[in-house]
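K.L.:
If you read the sequences in order, they're chains B and U. 1 is the number of the first residue of the first sequence in this note's numbering; add one for each residue after it. 1001 is the number of the first residue of the second sequence in this note's numbering; add one for each residue after it.
Calculated pairs, EDC-like style, for lysine to aspartate or glutamate (alpha carbon to alpha carbon, straight line, at most 16 Å):
1) U:K1145 / U:E1108
2) U:K1145 / U:D1110
3) B:K132 / U:D1039
4) B:K132 / U:D1035
5) U:K1145 / U:D1097
According to the in silico footprint, chain B covers these stretches of chain U (three or more CB under 8 Å from chain B):
6) 1014–1024
7) 1030–1041
8) 1069–1077
Calculated directly from the structure, the hints in this document are not laboratory data. Just so you know, these numbers come straight off a predicted model, no measurement behind them. Note that CB positions come from ideal geometry on N, CA and C, so glycine has one too.
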Amino acid sequence: MSTDQITGADMAPVRPRPWDPVVRVTHWTIAAAVIVNGLLIEPGGTVHVWIGWIALGTLALRLVWGVIGPREARFTAFLPDPRAAMSHLFDLVRGRPREYPSHNPAGALMAYTLWACLAVVVATGLIMTDGKSPVTIAEENAAVAAGDWSVLVDEEETGEGREGGGDVAEEVHEVAANLMLFLALLHVAGVALESRALGRNLVRGMVAGGRR
Amino acid sequence: MSVPEGSRARDRHGQLALAGVMVLQSVAVVFFMADAAADLLTEPLGSHSIVETLVTLALVAGVLLTGWQLRQTLERIRAQERTIETARGDLSRVIADQFAAWKLTPAERDVGLLALKGLDPAEIAEIRGAVPSTVRAQLTRIYSKAGVTGRAQFAAWFVEDLLDNGVADR
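With the rest of the complex left out, here is chain B:
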């Protein structure tokens, strides 16, 4: 029992609502996929490809949700606006950021950039694996392990023309993936700064669905 009771009901501050479940689930799925594929496991294996495909499906869902989802999740709630993003960053440095119902302008730009990076990483990954699904890749690996080398012959035939293209794809894949990891770090730093400036933990809104 505290003195809050006196003013608790009528002084309720405007608390931004937490993110909807689809935003939360897609956010953490993609975060986990990026961390596991980028930092934890060896690239190139079947698991790596599996996770890439999961990230692709999750990204697709988030983008669809940006059209059909509730207001805060829709793109129209956080259209990219570099100038607003800059002024928000200035406000943040001064320690007095504004509250926004959806992403703040800087956070919105970060979200779009991260999605673009992820799309590039996934696309180049698909080029590197010839668009084969992880199931196919696992089957081929099993076939090769069992002594059936015909898969490799097939690969060489189709692979002749795109040797150069494959190298470029690999290069882009790595650069975009590293860029994404760096941006993710920046994103975490931004959330920490903003949480301190606003005096409330922004991560909570991305984890819990409740209003407290």
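Start from chain B and add chain U according to the hints.
P.N.:
What follows is chain U alone, placed relative to chain B:
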């Protein structure tokens, strides 16, 4: 508050489960799409690829429908929350206005609000760091300013107000 809190938590878990299923469905859609696309390229009009395309379309429709339903649910919950908040906000405004009209002092307003919330003089005294006899004297003054005989009538004054404006309209 404990009953709606519990059911709301259940609602939240249900929504989270729906969202999780949507992610799984989306990943499945990507797999089926890739498979169907590959089959369409190798065997454009085979029955196999036609069936696969149909399955993919059905999955996509499933994801979109689930998403649409989830959005409806979320919006309904929001509307309810807004109504509750408005009602709560309006009631506190009504109380504050009435306290002002009765010319209660700031201390009396605090005591009156706590009394409306159902606290007895001893509890109010504990919160305000006062002795119960002071609180009882303040309550007596509040009741006389409000022209009510006691605590029950004091609380009823506002409930009556709420009933007139709220339920009667429906």
